Amino acid sequence: MSKIAVTGDDAIAQAAKLVNPDVVAAYPITPQTIIVERFSDFVADGEVDTEFVCVESEHSAMSACIGASTAGGRVFTSSASAGLMLMYEILQIASSSRTPIVCAVANRAISGPINIHGEQTDQLLFRDSGWISQFAETNQEAYDQTIMAFKIGEHPEVLLPVAVGIDGFIVSHAIEGIEPVTKDAVSNFLGGERKSSLRLDPDNPVSIGLLHLQDYYMEARAQVRDAQQRSKQVIFDTFNDWRKLTGREYNPIESYEIDDADYAFVTMGSGAGNARTAIDELRANGEKVGLIKVRVYRPWFGEEFSNLTKNIKGIISVERAHSFGSPGGILGQDVKSTLFDAKQTPYIAEYCYGLGGRDCLVKEWVEIYNRSKQGFKEGKNLPYFWWGVRE
Amino acid sequence: MPTLKEYAKKEVHFSGGHRLCAGCAAGSMARQVTMAFDKPTVICNATGCLEVASTIYPFTAWKVPWLHVAFENTSAVASGVEAAYNAMRRKGMIKDEHIDIVAFGGDGGTFDIGLQSLSGALERGHDFLYICYDNGAYMNTGIQRSGGTPFSASTTTSPAGSVVPGKGQFKKPLVDIVVAHRIPFVATAVPAEPKDLIEKVRQGLDVEGPAFIHVDASCTRGQRFDPTLSIEMTRLVVETCVHPLYRVVNGEYQMDRPSLRIANDSSKKKPIEEYLKAQGRFRHLYKPERRDDLIKMFQEDVDKRWEEIKAKCGV
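Protein sequences appear in the order of chains C and W.
The numbers in our numbering rise by one with no breaks, and the one at position 56 of the first sequence is 56.
The numbers in our numbering rise by one with no breaks, and the one at position 257 of the second sequence is 648.
So that you can see chain C by itself, here it is in the shape it has in the complex:
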């Protein structure tokens, strides 16, 4: 199929249309609005036969999603920032209820002060909730990962909700060409014709969401832990199936120019684009630098991450997110704890950048590299640093 030009939000809506969920329950929030608007168009024009529940809050959005998924439906929603925080309580119950809801996130800074632009802190705040958490760099990735998210979450070995994040405005509102797939291809990819999977079945009554006290609560939580671990193989298999279908290659942890690299950026989402361009410029000047892009943040693919860092002398972890009073960034803490187990621990420099949608230009990535390399050469790790902030 020939390419189509769409925004990142629109790409996700188009993907959701192909999936044709039974229920979409969502509440509008910038910069996610295009997703729910487009999907409303599909409903209004009969292009999907989805029940669109236009709820009165994000809290009710996620609650309705759990109700719909528990009833046996395929469910999609979308949110951002304050919306995710309003549904924070219910996000935890989505995973413990084992409801494979797919939530597209147009990552946005969190209040206060209020800001509507790109930042990944919102999605990282529910890293411990049991959700499978992914980030997409481009509109094509957003499209592909949205479709794949259903297959991953609904796998009987997994049955967990999946979040797919795109940087607000930077991706959500930017127009790029994407290669679409057909509805039939998506249907086949997701296992063909769906059969009833009623859990709230009057013919077979069960109770769901029971009170677990000291005698059973830990076992219930451990089941989510185990499902997260089992999802790793399902994610590999799903990415592999998608490659066979589309030729597009996906990995939980990806790399660029890493084979002979002495130093490596680590980042997630749209920042990887500028990082690659910076790497090209630096390599033209003889610098041996590469990139590790974390596509799947939860579950954390530590082994795959470590395999890429074996020969790295210095890691430069750069995240469009922040954490107050912590020993480093949010992604940075995963990176550091993974490296703690490595045979040879590289130096590390941690950066918070681009909060509230602030640009980080290619030349700034080069500056971040030069600053970090200087520190590494002096034989030290660089403390958590907020790049570009006027102190």
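Hints listed in this document are in silico derivations from the structure and should not be mistaken for laboratory results.
The model shown is predicted, which means the values in this text are computed figures rather than measured ones.
Mixed in with the good hints, there may be bad ones.
[What the hints assert, rightly or not] Label-pair ranges, simulated between beta-carbon atoms:
#1 570/W / 44/C: 30 to 38 Å
#2 244/C / 454/W: 45 to 53 Å
#3 218/C / 483/W: 57 to 65 Å
Cβ coordinates follow ideal geometry from the N, Cα and C atoms, glycine included.
Chain C is fixed; fit chain W onto it per the hints.
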């Protein structure tokens, strides 16, 4: 409509062995509600007494599909369940049969924290019956005041002290708020009038679109009375006109027989003091000294609301 004897022979989908307190009227209500089920039915239950006491893993008291997600969202959960059934039925994924959906919430989960979710679901017009079992406070967490707690009641967060004599506000007019959503069916009920309650549940489930029933379900622990008197206590709220029984069908108010008897013969209307004296939560209205001022305020509010409801019902 079946007689009460026939109802008593019907299958009860809420079994004994649950861990509600002795004398809990919510349990009686739950049994009566399930007697109205004559179609495939699922229940969505907000966090609260009924939820925690009926489903302590690995046990459940429910013989119909039952779902609990959280406290403040059961109307939204029911919305999602209804939407999924509709979609899957349309796509031929499930049997082409109607499934009744009942949502239970306590007064805290309905008057207070669940009000937004309820309002949203009513506005969207989902086909479900919401039953608020109102025991007059957050009884599950230890008798804290809610928007449903009556005036002057002593709770653990509106205690009767030497200066402040219990809750200073009157009960939120929840039924009025629900009626304002212009849904097809709204009613009040009590476990002391089982036939009336069961009929209303059936009627609420049979209308297309949202239905709502406000049940006064007395709480022996929180309202402070002998556990053998819980059903009597829910009769007393009707006899004192604290909780008149009526229904609003497509906007038309209709008073039901137990209250109609009082409306037709005002000598049958019991003074509020019979209700207040029966419960320990109002003890401070009598000891250390009688608070005629507060008793009078309570009675005046009951009378005013009773006259309003009578007028709406045209009696």
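A quick look at each hint next to the structure:
1. 570/W / 44/C: 30 to 38 Å: Roughly 31 Å apart at Cβ, these two residues keep to the hinted range, so it holds.
2. 244/C / 454/W: 45 to 53 Å: Hint holds: Cβ distance 47 Å, inside 45 to 53 Å.
3. 218/C / 483/W: 57 to 65 Å: Distance hint for residue 218/C, residue 483/W is violated at roughly 41 Å.
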